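**Q** Okay, here's what each chain looks like letter by letter:
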Amino acid sequence: MASFFAHREVRGIWSYLHGYESGPLCLGYNFQHEHMAAIEIQELEKYYQTGFFRNQRKLGLKSLTLTVEEGEVFGYLGPNGAGKTTTIKLLLGLVFPDGGTARILGRPLGDIEVKREIGFLPEQPYFYDHLTALELLQYYARLSGIGGRDVRQRSERALARVGMSEYARLQLRKFSKGMLQRVGIAQAIVHDPRLVILDEPMSGLDPIGRREVRDLIQELNEEGKTIFFSTHILSDAETLCDRVAVVDRGELKGVGVVADLLRDMSGDVEIAWRGPQAIAALSALGARCHATGEVVRARLPERLQDAALEALRERQCRLISVTPVRATLEDFFLQHVSAEAKAEVQA
Amino acid sequence: MIGRIATIAHNTFREAVRDRVLYNLIVFALLIVGASILFGQISLEINRIVLINLGLTAISLFGIVIAVLIGIGLVSKEIEKRTLYTVLAARPVHRWEFLAGKFLGLVMTLVVNALLMSIGFFAAVAYVSKGLHPADLQLAVAIYFILLQFVLITALALLFSTFSTPVFSSIFAFAIFAVGTFAEDLRGFASMAQGVTSWLMTGAAYLVPNFAALNVISQVAHDEAVDPRLILLNTLYVTVYAGAVLTASVWIFGRRNLK
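Going down the list, the sequences are from chains D and R. Here the first sequence is numbered in the numbering used here, starting from 243 and rising by one per residue. Here the second sequence is numbered in the numbering used here, starting from 1158 and rising by one per residue.
These are calculated hints, taken from the structure and not from any lab test. Take the hints with a grain of salt, since some may be wrong.
[As the list claims (entries may be wrong)] Derived pair list, reagent style DSS-like, types lysine-lysine, alpha-carbon separation capped at 27 Å:
(1) K1238(R) with K419(D)
(2) K1234(R) with K416(D)
(3) K300(D) with K1234(R)
(4) K1416(R) with K1238(R)
(5) K1238(R) with K416(D)
(6) K1416(R) with K419(D)
(7) K1238(R) with K300(D)
(8) K1416(R) with K304(D)
(9) K1416(R) with K300(D)
(10) K1234(R) with K1416(R)
(11) K1234(R) with K419(D)
[As the list claims (entries may be wrong)] Going by beta-carbon spacing under 10 Å, a handful of chain D positions derived as facing chain R:
(12) T328
(13) V337
(14) F338
(15) K357
(16) G361
(17) H372
(18) E377
(19) G387
(20) G389
(21) Q429
(22) A430
In this text the structure is predicted, and so the values were computed from the model without any measurement. Note that CB positions come from ideal geometry on N, CA and C, so glycine has one too.
Take these sequences, add in the hints, and give me the full structure.
**A** Right, here's the structure in full:
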């Protein structure tokens, strides 16, 4: 675990020094493209035709510009219906853009050959359930251009990697949701791709399964693969990602290194003391106070810390502690997304 | 390219087999054996005619029903279950290759199914006719034409599957098969009509697939020879017609947003 954090830190510093790109809340400097980007998106747009006569337009994605560098773990965050899956489908050629362009591993959208280098796990994957796990992996391996003995070897290796060797000869119709998710990840990596795109990889998994998928993503990244994954589970993104982008209602709300995004957030402090006589004064400052017996805790913005301490001193309260409250990705998310999305995350 | 198409075709065939599609062979076997025993009581001449009519019609209808019921889901079911996402999104597979693989896989299923039925059919004919004769080669021609029907109906079902729901696709496919069975009559009516009606009817008559020309069951049952030129013409007709339908499928599917 320690090595992982070290690894993330190195990546974070590296990306900060190189100044990742642009976006509404971009941090750092303008990046000169010395390295090939894994994904480069320029003003990509998508509208869906809706209504009985297909005469109404619904926004799917609004002028998205984003770059994912090779070798990073990139989290693509947003509430349900934000445009995450639309972006992935546009990149993979499942839907066609109404505007803008994108390049994957240096190749334009629609270039079929680049798909040899891409692994993809769809959201809530469903596979041909008449096949066994091994047959499914062999099917995908063959379609990826792998031939001969390699087909079986690589399929077995991919299944072993997700802990499914034991079930290799079981038909997929007998698999649980979690098992299908693992097979889904195995098919995404069976052809050893450079870029792995995962759409909600943790969805439907229990805590142990989520942990295993997180570990696998880290392993793949340590092998040099670029990971682009969408999620609405913010703690996963915070743990795994070098950088994240936040989308809501088809619009990019922010992109950058997680630590940098949070640095911009106004931090809070929690102050604990003995003596209820200061509650009114701190409440007047805007603090949220909570008393348990004689001990009172108040959370307030860091900039009000001195005023709060002064108020405690004046009322001769006994100070217990002053603790900085670290902003989380969830705080950032809640600050930048719509009210509906907030309700969803809080629920 | 060929490897990818073959892989998809093999998977389609395997899916049909594992979904117990070939179980229809049991019903067919019971039908043929029952008919042979039942008609064995009647005179040899009528017995043979009835058996050939019944056997070839059963091979044709069983295949048509399978072609439509599986064909209408070839693409729409893959979209609904999202199984094609992992094929088209992250494998070097063109959309037309996917369609070609699905089409060939189903045709392969139908051919294997029809050939297995044909073995039973020829065995029954040999039983009631006290052996097979050179003239029975005409029966093989009738079976070849039935296979051509399968190619046509599979191409049509696949076309509907690229843009419509399974329910509507099956209605369209069965309706076209029914109209196509009377294509010759439609052409006859068109020649009797006048003015715009004649133009419209002639256009419709030539637009629907001519399944009537692919049906020589009654002819071979009465030991009438099939003109060899018809074999060539029907082969060319089905190749061109199915090719055009598949091209339309590729055009539609190639532009479709897979939401």
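**Q** Now look at each hint and say whether the structure bears it out.
**A** Results of checking the hints against the structure:
As the CA atoms of K1238(R) and K419(D) are separated by approximately 14 Å, the hinted pair is consistent with the 27 Å bound. With a CA separation close to 20 Å, the supplied pair K1234(R) and K416(D) stays within the 27 Å bound. Between the alpha carbons of K300(D) and K1234(R) the distance comes to roughly 25 Å, so the proposed pair stays at or under 27 Å and holds. With a C-alpha separation of about 11 Å, the suggested pair K1416(R) and K1238(R) falls inside the 27 Å cut-off, and the hint holds.
About 16 Å separates the Cα atoms of K1238(R) and K416(D), which keeps this hinted pair within 27 Å; it holds. Simply put, K1416(R) and K419(D) have alpha-carbon atoms about 22 Å apart, close enough for the 27 Å limit, and the pair holds. For the proposed pair K1238(R) and K300(D), the alpha carbon gap of about 24 Å is at most 27 Å, so the pair holds. Proximity of K1416(R) to K304(D) is assessed by CA-CA distance (about 17 Å); at most 27 Å being required, the pair is judged to hold.
Simply put, K1416(R) and K300(D) have alpha-carbon atoms about 13 Å apart, close enough for the 27 Å limit, and the pair holds. The suggested pairing of K1234(R) with K1416(R) holds, with an alpha-carbon distance near 13 Å, which does not exceed 27 Å. Simply put, K1234(R) and K419(D) have alpha-carbon atoms about 20 Å apart, close enough for the 27 Å limit, and the pair holds. Given the 10 Å rule on beta carbons, the hint for T328(D) holds: about 9 Å separates it from the nearest Cβ of chain R.
For V337(D), the shortest C-beta to C-beta distance to chain R is roughly 4 Å, which falls under 10 Å, so the interface hint holds. This hint holds: F338(D) has a C-beta 6 Å from the nearest C-beta of chain R, less than the 10 Å allowed. Interface restraint check for K357(D): the shortest CB-CB distance to chain R comes to about 5 Å, inside 10 Å, so the restraint holds. At about 6 Å, the closest approach between the beta carbon of G361(D) and any beta carbon in chain R falls short of 10 Å, and the interface hint on this residue holds.
Given hint, H372(D) at the interface with chain R, holds; its Cβ is 4 Å from that chain's nearest Cβ, closer than 10 Å. Annotation: E377(D) was flagged as interfacial toward chain R, and the flag holds, the nearest CB pair being 8 Å apart, inside 10 Å. Residue-level restraint check for G387(D) holds (minimum Cβ-Cβ distance to chain R is 6 Å; threshold 10 Å). Taking 10 Å as the C-beta contact cut-off toward chain R, the hint placing G389(D) at the interface holds, the least distance being around 8 Å.
Hint on Q429(D) holds. Least Cβ distance to chain R is approximately 6 Å, under the 10 Å limit. Because the beta carbon of A430(D) sits about 7 Å from the nearest beta carbon in chain R, less than 10 Å, this interface hint is met.
Violation of the numbered hints given earlier is absent; every hint is satisfied by the structure.
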